[in-house]
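Residue-level listing of the chains:
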Amino acid sequence: VAAITTDDLPITGDGVVWVYIFLQGLGVLALGFTLITIAPTYIPAPEVSLYTLLETVLGPVWVYLGGYEAPSAYALAGGAILLAALAVHR
Amino acid sequence: MVTYSSGLCDQFSDRTKGVLYSVAGVMALTPDSLLIRECGGVPNQTVLFFRNFIFGTAMLAGLIITEKRNAWSKVMALGKWGLFTGVLFGCSLWFMPVAFQKTAAANVLVIQAANPAFAAIFSWLIMRETLTRSTLATSVVCIVAIALIFVGNMNEGSSSGGDSAVGLLFAVGSSVSFGLYMVMLRWLSVYQT
Chain A
315 VAAITTDDLP
325 ITGDGVVWVY
335 IFLQGLGVLA
345 LGFTLITIAP
355 TYIPAPEVSL
365 YTLLETVLGP
375 VWVYLGGYEA
385 PSAYALAGGA
395 ILLAALAVHR
Chain B
231 MVTYSSGLCD
241 QFSDRTKGVL
251 YSVAGVMALT
261 PDSLLIRECG
271 GVPNQTVLFF
281 RNFIFGTAML
291 AGLIITEKRN
301 AWSKVMALGK
311 WGLFTGVLFG
321 CSLWFMPVAF
331 QKTAAANVLV
341 IQAANPAFAA
351 IFSWLIMRET
361 LTRSTLATSV
371 VCIVAIALIF
381 VGNMNEGSSS
391 GGDSAVGLLF
401 AVGSSVSFGL
411 YMVMLRWLSV
421 YQT
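Protein chains in written order, with the working numbering: chain A, 315 to 404; chain B, 231 to 423.
Keep in mind that the hints were calculated from the coordinates and are not lab data. As the structure is a prediction and not an experimental result, all values here were calculated from the model. Check each hint, because a few of them may be wrong.
[Stated by the list, open to error] For each label pair, taking beta carbons as the anchor points, the in silico distance ranges come out as:
#, chain 1, residue 1, chain 2, residue 2, range
1, B, Leu355, A, Val333, 39 to 45 Å
2, A, Gly329, B, Gly286, 20 to 26 Å
3, A, Gly329, B, Met357, 43 to 49 Å
No residue lacks a Cβ here, since even glycine has one placed at the ideal position from N, Cα and C.
Generate the whole structure from the sequences, applying the supplied hints.
Below, the structure is given as structure tokens:
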């Protein structure tokens, strides 16, 4: 049985990592999925799915603006083909 | 379920609410990849455990608040297939952050967006629902787009370390498990109620 050490806990840096983890658990997952689950009670589910495609577009933008990698040419091409196919199908 | 109402104002109000819920929900989801990147100095499994633990605790609290004394019976009513469906959702939530840590966020999100194609395939396999020609064509296009990302990864190499191919596989795992999760939700609503 592997022992848990302090290196395994998110207590690095100035504690801001905890803020990021709480934002993921409460802000992103809990709030995001709850709102997306409620939405189809007011508008058709396929329309809600169409809005979720925004995540594919905006996610890499936030990552790039945050100072991390830019999407590769292949990801842009694959993403454009896929989003167009899904949007046309729905 | 879609709610329709007779009055124009009511209909507009419902539609506005639906759009607001959708956009707010998606906007809440979009910073996920960036937040995972920001936790790069912490072991993957630690981030996974705590983010999902907080999410699970919040949802459990929500269930207890809304259902009160019926909360436990609601959980038990899920049965073994409900549990399996929850595990699929858990797998999707587990695979995606690992993928984010190992490959470019755009790759992960594009592959994740292909989950309706996997859902269509599982829907045909499990529920014997007919695949229309349009759905079949869209599924093929989604798989071609994923293949393009894999080819690009082999040609360009990783932009975030040497584990990029593994990251892409985790992204596919997340997309497949989410597609199957969606089909299982429908299967449960049809056969388990």
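Verification of the supplied hints:
no. : hint                            : in the structure
1   : Leu355/B x Val333/A: 39 to 45 Å : holds, 42 Å
2   : Gly329/A x Gly286/B: 20 to 26 Å : holds, 23 Å
3   : Gly329/A x Met357/B: 43 to 49 Å : holds, 48 Å
When the structure is compared with the earlier hints, no violation turns up for any of them.
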